[in-house]
Amino acid sequence: MSHVPRSEGHSGLAPEPESYLLAHLQEAFATDPRVNQLDVKVTVTGDKAFLTGRVATEQRREAVAEVAAELLPDYEVHNQTRVYDLSPAPEAEPL
Amino acid sequence: MIRVAAVGDVHVGVDSVGSLRPHLEHLREQADLFLLAGDLTKRGSPEETEVLVGEVGGLGLPTFAVLGNHDYHVDQQDRMVDRLESVGVQVVEGRAVRLDVDGTTVGIAGTKGFGGGFLGGCATDFGEPEIKAFVSHGKRLASRLEAALLDVADADARIALVHYSPVEATLAGERAEVYPFLGSYLLAEAIDHAGADLVVHGHSHNGTEQGFTPGGVVVRNVAQPVIGHAYRIYCLAGGDELECAPALAAGGA
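Protein chains in written order, with this note's numbering: chain P, 6 to 100; chain X, 75 to 327.
The set of hints was computed from the structure by calculation and includes no laboratory data. Worth double-checking, as some hints may not be accurate.
What the hints assert, rightly or not - Cross-link-like lysine to any residue pairs, in silico, SDA-like; alpha carbons within 25 Å at most:
hint: 1; chain 1: P; residue 1: Lys46; chain 2: X; residue 2: Glu251
hint: 2; chain 1: X; residue 1: Lys213; chain 2: X; residue 2: Val171
hint: 3; chain 1: P; residue 1: Lys46; chain 2: X; residue 2: Pro254
hint: 4; chain 1: P; residue 1: Lys46; chain 2: X; residue 2: Thr282
hint: 5; chain 1: P; residue 1: Lys46; chain 2: X; residue 2: Ser93
Sequences are here, hints too, so could you generate the full structure?
Here it is, written out as C-alpha cells:
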C-alpha cells in the first residue's frame, strides 16, 4: 500500500492539484511491490483516469488498476494496459 | 554466422512462473547464445530470483546476463548473481567472456551501465556530492565496459551487453526529459573506443529497437515491450537473410 495525499486536499483548504496526484500515482507504480513498473501511463479526462502501457503478467495488470483506484478514489479508473505477447519473434535480423 | 538471441526487461515476478520458459525451450536450436539485458526481475527479491532461475536456467545454450536497476531494488543483487551463475547463466558485469561458436571466437563484455544523458543534456561531475556520485557511477561502469571489450579485442566478433542505453536513437518514443535516466553517451564512447560489432541493451520500454553509436556500431534495444516478443535473434559475421531464416524455422516454435 502506498500513502499519498488524497484529493480531498493536503491542507484541508483546497483540493490537491491533479498534477500532484498523478505524480504520486506514478511514484506508487514504481515503488508499490504489487507493480514496480515505471512506465504505466495515466491520462485524466474529467473524472476518468485511463491507464495505458504494457505489463508482464495478468496479475500485474490487475494490480495497476488496484493501485490507481486506491490513489484516485474520486476518478473512474479505466485499465487499458495490456500484457506482453511472449511468442518468439517471427524472423531473425542479419546484421 | 553467429546467431544471437536477446531480450531484456522480462521483469519476472512471483506471478511469472512458467511464463517465459515454454517460449525458450527450443532456443538452443535457433541461436548460438542468449543474452539477457537486465531488469530480469520486478524488484530483485530472493523469491523472484528463484522464479527467474527456473525460467532461464539450463536452457542448453550459452547464456549471459547483466542486471538492471529493478534487480537492485531490495539490495539482493549479489544473491541473484550467485543463483544465476549456479544454473549456468554467466553474469558479465564489468568483465568479458570468450565463446567458441564453430571455430569463430565471440567476445561478450557487459555492464549494467547507468544514466547521465547525452550531448546537450548531460549531468556533469560537478557540484553536490550526490550529483558527483551519480555521474561517477556511470563513468566507472563505462570505463569497466571499455576495459572488458579490450580484454577480448582479439575475438572474431564482439558484443557489448548493457542495460542502460548508449545512444539516443533507441530511446525514440520516450519523453526527452527522461533521457538522462535512460542512458549515457559514456557507454557509446567506451564502445566506440574499444570496438564492438553489436550492442544490446534494454531499460527503455517505450523506445525503438534499432540504432547506431556515433562510431557506427549497431545498437539494438531488446526491452521486451519494445521487441514485442519473447526474444529477438540477430545474425552476426556474414549471415544473410537466407541463412538467418532457417535458423528460426528449425526451432519450430
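Hints and how they fare:
1. Lys46(P) <-> Glu251(X): holds, 15 Å
2. Lys213(X) <-> Val171(X): Judged against 25 Å, a Cα distance of about 22 Å means the pair holds.
3. Lys46(P) <-> Pro254(X): Holds. Lys46(P) to Pro254(X) sits at ~19 Å (cutoff 25 Å).
4. Lys46(P) <-> Thr282(X): Between Lys46(P) and Thr282(X) the Cα gap is close to 18 Å, so the pair holds against 25 Å.
5. Lys46(P) <-> Ser93(X): The hint holds at about 24 Å.
Figure legend: structure checked against the earlier numbered hints; every hint is met.
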